[in-house]
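Trainee: One letter stands for each residue in the lines below.
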Amino acid sequence: MKRRDARISRGRFLKVMGAAGVAGSTLSVLACQPNTSPSQGGGGGGGSEEKQLNLYNWSEYVAESTIPGFEEQTGIQVTQDFFSSNEDLLAKLQAGGSGYDVIVPSDYMVSIMIKSDVLQPLDKSKIPNMKNLSPNFRGLPYDPDDEYSVAYQWGTTGILYNRAEVGKIDSWDAMWNPEFEGQIAMINDVRETLGAALYRLGYSVNSTDQEQLQEAKAALLEQKPLLRGYFASTENRPLVQNGDILLGHVFSGDAITAVIENEDLEYIIPRPRATRWIDNMAIPAGAQHPGNAHKFINYILEAKVGADLSNYTYYGTPNEASLPMLDKELTELPSFNPPDEVFDRLEVIEDTGETTREYERIFTEVKSA
Amino acid sequence: MGRSKGRGWSLGLAGLLGPVAFWLGLFFFVPLLMILAYSFGTSGVYGGITLGFNPTNYLKVFDPLYLEIVVRTLFIATLNTLLCLALGYPLAYFIALKGGSWKHALILLVMIPFWTSLLLRAYAWVVILGGNGLANRTLQFLGITDEPLTLIFTPQAVTMGMVYSYLPFMILPLYAALEKFDVRLKEAAQDLGASRWQTFWRVTFPLSMPGVIAGSILVFIPSAGEFVIPNLLGGSRTVMMGNLIQQQFLNARDWAFGSALSVMLAVLLLGAILFYIRRVGAEKLEGV
Amino acid sequence: MAASSTKGGPVYKGLGKVPDWGLVLFAGLVYVFLYAPILVLVFFSFNSSKSTQVWTGFSLRWYGELLRDQSVIDALKTSLTVGITATAIATVIGTLTALALTRHAFRGRTIADSTIYAATVMPEIVVGVSLLVFFVAAGLALGITTIIIAHVAFTISFVTIVVRARLAGMDSSIEEAAQDLGANPLQTFLRVTLPLILPGVMAGALLAFTLSFDDFVITFFVSGVGSSTLPLKIYSMIKFGVSPVINALSTVILVTTMILILGGSRLFVRSERA
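Residue numbers (numbering that gives the first Met the number 0), protein chains in the order written: chain A, 0 to 368; chain B, 0 to 287; chain C, 0 to 273.
Calculated from the structure, these hints are not laboratory results. One or more of the hints may lead you astray.
[To be verified] Pairs of lysine to any residue residues, derived as SDA-like cross-links and limited to a Cα-Cα distance of at most 25 Å, are as follows:
1. B:Lys-185 x C:Ser-171
2. B:Lys-102 x C:Arg-265
3. A:Lys-327 x A:Tyr-298
4. A:Lys-303 x C:Asp-68
5. A:Lys-50 x C:Leu-139
6. B:Lys-283 x C:Leu-193
7. A:Lys-125 x A:Ile-75
8. B:Lys-97 x C:Leu-197
9. A:Lys-114 x B:Gly-43
Here the structure is a predicted model, which is why all the values come from computation and not from measurement.
Using the sequences plus the hints, can you model the full thing?
Mentor: Take a look at the structure:
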């Protein structure tokens with residue numbers, strides 16, 4: 000028993016499919032604009048904005064009371080989503096993804112974002128609490144007139160180590176000491192690790208000098224056989240705590256968690272220089288609720304809110320008014336509150352423009368070696 | 000739904016292929032063309048692309064540093080495939096042919112661990128294989144070693160982690176292929192005097208080839224694009240194509256070069272698969 | 000030689016005891032390999048400090064935290080919604096595609112084949128960024144829908160490849176017989192073909208769900224406000240620390256799924272014996 004198949008000719012079928020595919024692809028290739036043009040949405044008017052705020056933040060970076068406190072105070076509902084790296088955040092914004100009102104990029108990323116036109120300028124008249132900011136956290140190199148960003152939390156990157164086993168150390172040399180072969184770990188971040196090599200050689204972490212960079216590369220290649228590997232700071236910390244390594248390159252907040260729990264461990268800000276990093280609040284161009292965004296930024300700058308934040312994250316607050324309300328446990332640690340002479344040794348990481356690709360290539364070469 | 004005789008198309012066939020043609024056509028091909036266009040573009044300093052015809056991105060791929068990474072990636076992917084086959088086949092065989100009424104539960108039990116985040120499982124491996132971890136303590140307790148061995152953050156740990164990650168990709172297709180195996184064929188062979196080993200090699204294994212092919216492809220391809228395991232379990236000291244491409248897109252913000260690398264990777268992998276299938280025999284993937 | 004009767008016999012039907020025990024042992028070891036980190040993970044869900052790697056003592060605090068943390072529960076709900084929907088769609092489309100590719104010889108089949116393989120070859124960052132650009136250009140709002148679309152797109156091929164492994168070498172004479180006896184194509188498919196390929200379809204669905212449930216990179220780029228999935232929440236914890244709340248959640252998921260599976264199997268086995 001034969002069935003009759005309705006036949007459409009193969010040729011016709013293919014032609015139709017092909018045409019659809021070509022049309023669709025041409026349209027999208029032509030239409031795609033990798034850089035979002037700043038669309039001025041609802042210019043700062045608080046009246047017609049719905050009571051909603053979309054926050055794009057790092058995970059575990061708000062205290063339990065932070066968001067509920069804001070919601071209660073203003074009646075604005077907050078939706079918080081998380082990103083995992085500055086670069087992810089930038090790529091998403093540039094490719095057109097958005098919907099967020101407040102984002103939290105790090106120092107160098109703020110200047111890259113300004114140059115890429117993905118941020119909108121702040122209306123400082125809506126952020127009176129900016130007066131609470133310590134002068135050390137205003138006019139920073141990546142945003143000299145504080146036009147686009149407000150500091151949120153800050154920290155340092157240094158060395159967490161087992162003082163009982165290693166003895167007292169005070170400089171980056173310890174991370175290059177062959178005595179500790181296999182017991183050292185660095186951070187898997189080009190600016191921090193290449194930065195450490197640059198610091199050790201006495202150069203700036205933002206160097207664009209080819210010779211200096213090559214020297215730093217040589218230093219990293221020299222160091223590599225001594226390392227367990229390149230990890231995230233939150234991975235280095237348990238390694239030191241468990242005794243798998245003796246010296247770990249970590250962020251201050253992580254280190255403080257470990258130091259508080261274990262007396263044998265110590266965190267230092269190494270000589271000659273180290274990194275001071277700052278995470279900031281900023282408003283993307285095209286944000287739907289800029290008025291609410293300003294209110295949120297202002298709220299974070301309240302003394303109590305800032306203190307609650309730092310007491311939870313163990314990272315530093317840029318808010319002078321918050322200092323008296325910080326936990327004693329934290330303020331007693333010299334690494335949390337570096338004295339002036341240490342503070343002066345800290346550098347802020349800045350965007351290196353075109354040299355960035357050179358940095359990346361060096362790091363790939365080192366890791367691949 | 001019989002087979003259509005001849006090389007023609009029919010409405011039925013178009014109906015079967017319609018959905019995938021639509022979905023992949025729109026959500027795969029279009030992005031693919033985009034990436035092809037980008038690979039010939041010029042990257043802005045801060046990301047973004049100016050389209051044009053710039054073939055230098057492809058020339059950059061032939062830098063010894065990057066070529067080394069490509070070769071290493073292909074090697075790791077191949078090794079991973081072989082190891083997954085060695086470990087996965089006996090398990091799939093066991094579940095499909097010896098599992099009886101428990102086989103559904105058994106296969107689900109294989110998959111459940113993979114519904115927890117890879118990140119957590121990797122961190123757990125770090126704990127297990129650490130200096131004071133379970134593995135070392137057991138070895139020392141049993142008297143096999145005196146001192147802790149360095150087990151984690153080594154190339155071997157990366158290999159183990161890769162196998163750990165991709166085992167299901169091998170087990171599932173093998174299970175699908177083996178499960179339809181008619182046990183009576185095995186018994187017939189043995190009735191005719193074949194030993195167990197002969198039966199396996201000449202009856203069971205060849206009939207499971209489609210599963211082997213499918214599993215190999217499903218392990219090999221994603222392995223080549225892996226970037227998480229070398230970082231979590233290897234201390235970021237094994238740089239693979241996945242790491243490189245991620246880095247170019249995100250950190251170096253060189254979308255053009257990243258796209259060129261992706262296209263090269265895709266071409267290489269596709270070539271490898273087509274070659275493999277041809278060697279093994281394309282007819283093994285067809286219906287009878 | 001051993002008879003192959005299947006009713007009410009022991010589970011392991013072998014043709015000799017020794018290799019059977021070898022196989023059982025091997026299988027057992029593989030399961031141990033698969034579950035070792037799971038046990039550690041569960042262990043640390045009871046940790047008293049905020050570490051997932053340094054044990055400081057026993058505590059149930061993370062389970063309490065889990066109950067209070069709405070964002071984690073929302074993320075789980077989103078992951079399940081996306082996972083189940085995307086799996087359903089991808090399984091249907093993938094199965095149809097596999098049927099077409101295995102059963103019909105047509106011009107352009109090699110190209111179709113290669114496309115299916117090619118769709119698994121693109122690195123995640125590339126798929127993620129390009130889909131985002133595409134969605135934005137097409138004016139689609141980012142959210143759960145775009146995540147589902149993206150997940151279907153990257154899992155279809157996996158389903159197709161798995162189902163093909165099942166279909167290959169499968170004799171279509173049964174289906175032809177059914178049609179000769181008067182069944183129409185739909186009836187043939189539902190009552191003859193589908194039951195025969197079901198293990199393959201299920202395996203494909205399982206793979207698709209697993210891929211979707213733990214996907215990070217693609218999901219990150221195509222997700223919108225408020226549509227965080229579990230991986231988005233978890234991987235973003237790398238910078239400041241992964242909280243054992245996630246361990247607690249994973250333990251709960253694990254235990255629940257195990258109970259469902261083993262319970263379901265009991266019923267299944269019992270009904271088979273009846």
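Trainee: Look at each hint and say if it fits the structure.
Mentor: Here's how the hints hold up against the structure:
no. : hint                  : verdict
1   : B:Lys-185 x C:Ser-171 : holds, 22 Å
2   : B:Lys-102 x C:Arg-265 : holds, 12 Å
3   : A:Lys-327 x A:Tyr-298 : holds, 24 Å
4   : A:Lys-303 x C:Asp-68  : holds, 23 Å
5   : A:Lys-50 x C:Leu-139  : holds, 24 Å
6   : B:Lys-283 x C:Leu-193 : holds, 21 Å
7   : A:Lys-125 x A:Ile-75  : holds, 16 Å
8   : B:Lys-97 x C:Leu-197  : holds, 19 Å
9   : A:Lys-114 x B:Gly-43  : holds, 11 Å
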